[in-house]
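Using the hints, position chain B against chain A.
Note that the protein sequences, when read in sequence, are chains A and B. Just add 1 to the spot in the first sequence (first one is 1) and you have our numbering. Here our numbering is used: position 18 in the second sequence is 11, and no number is missing along the way.
Do not take every clue at face value.
One-sided excerpt, in silico: chain A residues whose CB lies under 10 angstroms from chain B [to be verified]:
hint	residue
1	S34
2	I251
3	Y252
Between beta-carbon pairs, the in silico distance windows are [said to hold, decoys possible]:
hint	chain 1	residue 1	chain 2	residue 2	range
4	A	E146	B	V57	47 to 55 angstroms
5	B	Q95	A	A112	54 to 62 angstroms
6	A	R117	B	F122	51 to 59 angstroms
7	A	G109	B	F85	31 to 39 angstroms
8	A	G109	B	F122	31 to 39 angstroms
9	A	Q111	B	F85	37 to 45 angstroms
10	B	A90	A	R117	55 to 63 angstroms
11	A	I71	B	F85	15 to 23 angstroms
To be clear, the hints were calculated from the coordinates, so they are not data collected in a lab. A virtual CB, placed ideally from N, CA and C, is assigned to each residue, including glycine.
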Amino acid sequence: MIGLPLLPVITIEFFGSGFAIVLSFMALRYAWSLVRLQPDNFIWGFLFSFCIALAAFSLSRGVGHMLRIILVYSDHGAIWKKLSPFSGGFNTMLIISASAVTIYYHKGLQAYKAIRSKAEMLTAVNSQLATSAEQLRQLNTHLEEMVDERTRNLSESEKKFRNFFEKSKDIIYFCDINGTITNINPSGRRLLGFNASENSVNFHDLFNNPKDLHHYLRQLLENGSVSDLEMECTGKDGTTRHILLSANAIYDPNDAIIGCEGIGKDMTRMKTITEQLISHEKMASVGQIAAGVAHEINTPLGIILGYTQLMMDDFKPDSEIGVNLQVVERQAKACRRIVADLLKFSRQAESVKAPIDLNKIIEEVLSVTEHTLHIHHIRVVRRFAAELPLVYGDGEKLHQVFINLFNNAQHAMEEGGELIVSTGKTAENVLVSVQDSGSGIPDAIQNKVFDPFFTTKEVGKGTGLGLSVTYGIVQEHNGAIEVESPVVDPITHTHFSGTAFHMRFPTTDKKNVNDEEHQ
Amino acid sequence: MKQTLFIQSIGLPVLLVLGQTESAWALQSHGAPEGIYVHQMAHLLFMGALAYLYWHTRRSPVLVSKGWKYLQLFCILLFCWNVLAFIGHTAFEHLVATDFIQRESWGEQLAPPLSVTKVLYFISKMDHFLYVPALIALVIGLRTFYLEARMEAAR
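Excised from the complex, chain B in its bound form:
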């Protein structure tokens, strides 16, 4: 079950990405696109890890504290953030210089006409609406654990 999940979440995208390489060298050089590929793979790996953590905390009967509910919420939000970040990075890769107006200035805009890629990029730039709530959920969850543990220690 866990292996299947691992293959589906991480292994398969990795295989697909690697399958596109044209040749294999004994000492492989690392070109410019490799950085974004690795970063995207890292997002996929993180999504898989978060999914597993969510699944495990849900199925473990001993993890019944209210703190775990917040931790599960953190997993969901951070998983969504990863998806959004992945989309944002991908969208950015498809944008060119002409898609921006007044680039690298405070008046920077996405040039019309707006496309799906541009809108996705725009939305993904506001990923902190997911990332910050996710961290808030994590803080609340850990605080709950801490208070419970302290009460237990006091007892």
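Same shape as in the complex, but just chain A:
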């Protein structure tokens, strides 16, 4: 029976040991290169330590195997017997070392991960800090410029809105939840008639009509805003104004109303003009009706008067029939005067026009009426403008205008007073004002004073045609007449009791121009 030869095995063992030594040191070299390349990498550090242990083991084991083969098979077995325990001991120790390195890799890796995590965190924080520092540096660098620019923008914006607030012709106001005005622009103060020193003015108190106030507050509460609310208010100076109001509620962060801000447009003049336009239209219509009625009545009235006068020839004046006929004649003539007035109002009466100096016309009328006015303790004040332009008009009719106005003034000043007659001029018009210091005309009837047959006098004392005739004559002269009561001083805005009639007549120059335009 043949044994199993061990020579091939010994050969493999010898050369294998050599290869193992070489390979283990190659591994160690790569591990060392890795550590040098990335010294902070724990895994490379572990592999390096492991490779040291493994290389030492391979060296110890390889050298041991090779020595054993050389010594034993060269009859030096005794030497190997002495070296063998050292070789085995080294081998064992190095195996344990390699194992220990691997086992401690676990804890080391955990520590490395924890440190790396912290390091990454610190790196991230450091990066953020660097970014923040850079931003802060840039911010700091540009802070002054930014502050300057924003301050400038803010200042411009503030100036713009302040200018708008201060220069606006409308009322701009801010008030708190109770309606107390916290801020209002100069136009608002002027229009509402109070000065800047007044601290506590309640906007709600300015409403004349409680329904308007209720509507205003309800709209603010429900919709948060009010649009185009027409309100009538009386300012602190007693002036009644018509305001077109738009306002918005102001809310706090909890959406609770804490006040309001609004803009009000003074529509008083617009309203007056509108009413005047309506009045003019009405007067034109009434004039047409009056003219028609006057024409229709005039003819039968003439017949009645004619027949009455014929019949008066047939009866003695002191007979009963003669007396009755005189009454009929007198009343018929009264009717004719009324009809004549109606025709004048409706501008149907014939007129002869020529250039006229109104100062002269007024003076002529005053020369007749001033005595009567003095009897009634009325002082006449003349404020005639010098070199008044001429007016193209009918002198007789213009006499009638001033007679009617002076008569009205006399009736308005039963206890006496002052009648101021003033004339003036503009580039295109001659202005005449007749102002009395009487009781004035209530607001409610100011629009009716020019209506035919409208009178406040007792029955029988006036026909109600005086101002209607005046209105008709002024209109016939392409002029305009307005009533003002109470009278407001245009400079001081002080109110005076009484009534003023302001008339405007085109000058002859303008008249000529208009005629040329018509031609």
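Structure of chain B alone, referenced to chain A:
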């Protein structure tokens, strides 16, 4: 998990070996068999360490480089080498002088008849067929790491 593995791979064999001692002395003498016992325990410890290293490199999602695959191959081969070495040492302990012919000469043979122990011993003597490839795998793995790290550094 790690503790269980540790006990199974290292602790249990150690306990079994120590459990065979007959008496405990204050100053214990170290007899002849102690060397081979310690050496075998060292192989067991090394196997446990390699198993852990293999397991850890497999489960770590960050260790995805190709180099780790070679390192894992190294762990497997070296683990097998340890097993083979352990078997070889054990087999050698069971062989006696008569199991060899022309001992300590170039014509040395394992005497017939061949037994399992003899065959195991014979095979285990060629453990370099595992050890050398294991080291080759380690060298390739480390070289891969090095090249990658160098490329990264270059970037």
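Here is what the structure says about each hint:
{"no.": "1", "hint": "S34", "verdict": "5 angstroms, holds"}
{"no.": "2", "hint": "I251", "verdict": "60 angstroms, violated"}
{"no.": "3", "hint": "Y252", "verdict": "56 angstroms, violated"}
{"no.": "4", "hint": "A:E146 to B:V57: 47 to 55 angstroms", "verdict": "52 angstroms, holds"}
{"no.": "5", "hint": "B:Q95 to A:A112: 54 to 62 angstroms", "verdict": "56 angstroms, holds"}
{"no.": "6", "hint": "A:R117 to B:F122: 51 to 59 angstroms", "verdict": "40 angstroms, violated"}
{"no.": "7", "hint": "A:G109 to B:F85: 31 to 39 angstroms", "verdict": "36 angstroms, holds"}
{"no.": "8", "hint": "A:G109 to B:F122: 31 to 39 angstroms", "verdict": "33 angstroms, holds"}
{"no.": "9", "hint": "A:Q111 to B:F85: 37 to 45 angstroms", "verdict": "40 angstroms, holds"}
{"no.": "10", "hint": "B:A90 to A:R117: 55 to 63 angstroms", "verdict": "58 angstroms, holds"}
{"no.": "11", "hint": "A:I71 to B:F85: 15 to 23 angstroms", "verdict": "20 angstroms, holds"}
In this structure, the hints that do not hold are numbers 2, 3, 6, in rising order.
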